[in-house]
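From first to last, the protein sequence lines are chains A, B and C. FYI, this note's numbering numbers position 229 of the first sequence as 229, with every residue one higher than the one before it. FYI, this note's numbering numbers position 115 of the second sequence as 115, with every residue one higher than the one before it. FYI, this note's numbering numbers position 53 of the third sequence as 53, with every residue one higher than the one before it.
For the record, the hints were derived by calculation from the structure and aren't laboratory data. Where hints are given, some of them may not hold.
Straight-line C-alpha distance at most 20 Å; calculated EDC-like pairs for lysine to aspartate or glutamate [as the list claims (entries may be wrong)]: (1) B:K279 to B:D209; (2) A:K98 to C:E53; (3) B:K43 to C:D62; (4) B:K120 to A:D82; (5) B:K173 to B:D229; (6) B:K392 to B:E230; (7) C:K64 to B:D85; (8) A:K165 to B:E272; (9) A:K52 to C:E53; (10) C:K54 to A:E207; (11) B:K28 to B:D364; (12) B:K146 to A:E226; (13) A:K44 to C:E53; (14) C:K64 to C:E53; (15) C:K64 to B:D209; (16) B:K268 to A:E108; (17) B:K173 to A:D82; (18) B:K43 to A:E108; (19) B:K120 to A:E2; (20) A:K52 to C:E78; (21) A:K160 to B:D176; (22) A:K160 to B:D209.
If you want the footprint, here are the derived chain A segments under chain B, 3+ residues with CB under 8 Å [what the hints assert, rightly or not]: (23) 104-112; (24) 242-249.
No residue lacks a Cβ here, since even glycine has one placed at the ideal position from N, Cα and C.
For reference, the chains in residue letters:
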Amino acid sequence: MEQIYISKASTISPQNTFIADDFFNAEALVCESDKCPAVDPDYKVLITDAGKRRRMGHLIKMGVSTSLACLKQADGSLFMPDAMMSATGMGGLEDTEKFLRCIIDNDEQLLNPSNFIQSTGNTFGGQTGLLLGHHGYNVTYAHGGFSMESALIDAMLQLKDGSAKTALVTGADEITTTEYEAMRKMGFWRNGRQMGEGSHSFLLTNEKEGAVCELVDVKTKRPLNESAVDYINSFIGSNGIKAEDVDLVLTGCDCDYAHLKELEESTFSTFNYKHYCGQYATASGFGLWLGAELIGRGLMPAANGWEKKQARHIVIYNEYRMNDYSLMLLKHAL
Amino acid sequence: MATKVTGIGIVSALGLNANDNWQALQDKRTGVGPLVRLQTVHKVPAGEIEQTNEELATMLGLDAKKTYSRTALLGMMAAREAIKDANLDLNGKRVGLISGTSVGGMDLSEQYFTDVHNGKRAHLRNLFEHDCGASTMRMADYLGIKDFMTTISTACSSSANAIMLADRMLRSKQLDAVVVGGTDPLCKFTINGFTSLMILDQEQCRPFDDTRNGLNLGEGAGFLVLERDETAEGKPAYCNLLGYANANDAYHQTATSANGEGPFLAMKGALEKAQLQPKDIDYINAHGTGTGNNDLSEATAIGRLFGEEVPPFSSTKVYTGHTLGACGGIEAAFCALMLKHDTIIPTFNFCNPMQELGMKPETDVRKNAGLKTVMSNSFGFGGNVSSLIFGK
Amino acid sequence: MENLIEQLKQQIIEELNLEDTTPADIDPAAPLFGDGGIGLDSIDALEITMLLEKYYGIKISDPKEARTIYSSINSIAEYIKANQK
């Protein structure tokens with residue numbers, strides 16, 4: 001079976017991650033609020049086509065920007081991947097809301113078609129394809145906390161069966177007031193839980209040369225009817241890896257604190273990433289980016305920041321609203 | 001290995017099961033008519049299912065007082081029928097659910113925002129069904145599917161793309177059977193959306209006709225059970241999934257290119273995957289929405305690929321309306337039925353060929369059509385185009 | 001008429017989100033669509049339809065008719081003048 005590698009990764013998040021060096025060379029940003037907006041790069045510089053940019057909402061700008069960053073080659077030209085898989089839990093929620101309000105408040109008159117067009121789930125994948133003039137496979141997954149994982153699974157299947165040699169996988173979600181308020185009324189933003197947003201892109205290939213790390217496996221589970229440690233052990237076991245070979249478990253614990261406690265008290269070294277990126281459907285993309293960068297840079301979390309230490313395997317454990325539980329396994333590509 | 005279609009389930013304006021749908025198709029009876037249930041100011045015909053959410057819930061044996069999106073209810077009904085039809089045992093095998101939808105629980109979101117607007121108590125539970133994945137989760141819970149579930153949202157090609165992932169999951173042996181298709185409800189959101197794009201016909205749609213003036217919307221769900229031949233244990237099957245491809249037109253956010261580049265690449269890719277030649281296709285179930293842009297672009301692409309020997313083609317959207325994320329699933333099930341009964345279902349409302357091309361769709365029911373291999377097209381916003389090939 | 005033209009430019013810039021464009025950049029006689037003008041597309045045409053209904057109470061339901069009316073700012077202004085109640 002062919003190995004699959006992450007050859008490039010790009011992230012916009014509530015941290016200063018769009019230029020990854022900035023994130024690893026400085027202290028992490030601390031968001032005091034329960035709503036943590038992304039640190040936006042200058043989209044005008046990144047998406048130079050003003051005619052296309054003017055209709056893009058925040059979600060699309062984020063998604064297109066990390067996608068293009070992953071495809072940008074040393075000479076400035078854009079790499080054309082064979083396939084593109086996108087992921088979003090909520091899609092263009094801001095535009096959906098605008099259009100819905102327009103329907104209801106104006107009694108179905110004076111409708112702005114742009115909001116309708118932008119509301120569909122596949123807009124940033126479609127827009128990236130349009131900007132690239134990409135005629136290949138282009139599919140968007142929208143399944144809560146499995147969106148990012150589903151896009152990765154599809155990409156891995158296609159790289160393994162030879163349908164594609166390279167695949168760009170991007171997951172993105174945006175903060176909207178309605179969702180934030182609805183979750184607030186449910187009492188969700190307590191105990192340090194924060195709403196986040198961001199976009200995470202990964203260029204996957206079969207080429208080991210120059211790779212950041214290897215993406216070994218991705219798994220989803222709902223419901224989780226076993227302990228988090230058992231879930232991880234059976235997952236790594238099915239990949240022929242022992243617990244002692246896993247140097248780090250990145251715990252993306254959403255709200256089920258029992259699992260966080262269980263993992264922290266286990267024999268695994270753990271590091272929780274949700275306080276860096278907040279909570280949203282595709283936040284596992286942040287975990288994947290962090291894991292890949294740590295392996296690629298030969299870093300591990302330390303008491304204050306990062307220390308030089310090469311991890312062999314990193315597991316990313318992600319939870320979404322006590323419902324969707326996913327695992328991803330990374331391996332160094334040395 | 002081969003991927004077999006061992007069961008189908010269809011819910012549309014033609015009826016709540018595959019038999020009723022097939023009967024209406026053979027009789028050339030349309031489900032498109034004036035809107036009755038859905039309250040909207042727009043006077044457009046649509047393929048509406050007459051049952052309310054409460055009635056659908058009761059038919060499904062659910063507590064009608066609980067909150068279910070129409071998307072989930074329609075999907076449950078079609079998927080349940082497909083599982084029963086395939087006689088699929090969920091316990092013995094690894095079974096997945098892959099669903100395509102464009103609007104998720106939008107009918108409930110509309111209720112929420114209407115309540116807010118009217119100063120009424122708006123129920124948060126109506127908002128939490130909004131995302132596309134929520135409808136799939138409810139379906140998985142209802143059907144008892146746990147091994148794998150996901151949702152694809154690529155507008156009108158959603159369920160066709162779902163079928164592609166299903167095949168890959170089967171071939172890689174991650175799953176033994178997949179319940180796959182799509183579901184979408186009629187709602188104010190889409191009626192207003194397509195109104196804002198000025199592509200809803202005020203009359204019945206006329207696919208491939210020179211006077212065509214837009215599409216009619218519809219609602220429904222179509223699901224298939226796909227199984228690997230070696231695990232299907234000699235079960236009777238409708239047909240095999242032979243090939244498929246998705247391509248990106250990369251031309252415009254909502255319109256398809258004049259030369260039909262995306263549709264051409266999708267159909268060509270599907271043939272290559274199936275290792276077939278254009279001459280092997282006996283019938284094309286076209287996307288054929290009835291908009292000026294789609295039909296010309298699709299017919300142009302068909303002409304480019306098939307040259308002088310264009311196989312019989314038709315659009316079944318004249319019967320169901322355009323069911324958006326569900327149409328790939330519904331039309332795949334129609335193709336399975338056409339293959340099983342060796343019958344081509346025609347389009348109607350066709351009088352004059354398009355000036356630019358002169359291509360004529362099938363207008364009469366053709367029995368003993370000698371169908372061995374058929375193609376089904378589904379095109380979505382964002383230039384997302386898909387083509388599937390089924391065969392005996 | 002001059003006022004109407006200036007007002008229309010402003011409304012189009014706002015509704016269509018034409019960043020970095022000022023009313024002075026738009027020649028009222030130049031084509032709005034295609035080459036040689038400000039390069040609007042079919043979605044913009046739909047947005048102009050909405051704008052005319054919103055600000056001027058004018059409803060244009062035939063996309064082909066719209067295409068002729070929207071050939072330039074001048075032609076839109078003339079249409080508004082002739083049809084506004």
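Status of each hint after checking the structure:
| no. | hint | verdict |
| --- | --- | --- |
| 1 | B:K279 to B:D209 | violated, 25 Å |
| 2 | A:K98 to C:E53 | holds, 18 Å |
| 3 | B:K43 to C:D62 | holds, 16 Å |
| 4 | B:K120 to A:D82 | violated, 50 Å |
| 5 | B:K173 to B:D229 | holds, 12 Å |
| 6 | B:K392 to B:E230 | holds, 16 Å |
| 7 | C:K64 to B:D85 | violated, 48 Å |
| 8 | A:K165 to B:E272 | holds, 17 Å |
| 9 | A:K52 to C:E53 | violated, 25 Å |
| 10 | C:K54 to A:E207 | violated, 55 Å |
| 11 | B:K28 to B:D364 | holds, 9 Å |
| 12 | B:K146 to A:E226 | holds, 14 Å |
| 13 | A:K44 to C:E53 | violated, 32 Å |
| 14 | C:K64 to C:E53 | holds, 17 Å |
| 15 | C:K64 to B:D209 | holds, 18 Å |
| 16 | B:K268 to A:E108 | violated, 41 Å |
| 17 | B:K173 to A:D82 | violated, 23 Å |
| 18 | B:K43 to A:E108 | holds, 12 Å |
| 19 | B:K120 to A:E2 | violated, 57 Å |
| 20 | A:K52 to C:E78 | violated, 29 Å |
| 21 | A:K160 to B:D176 | holds, 18 Å |
| 22 | A:K160 to B:D209 | violated, 44 Å |
| 23 | 104-112 | holds (count 7) |
| 24 | 242-249 | violated (count 0) |
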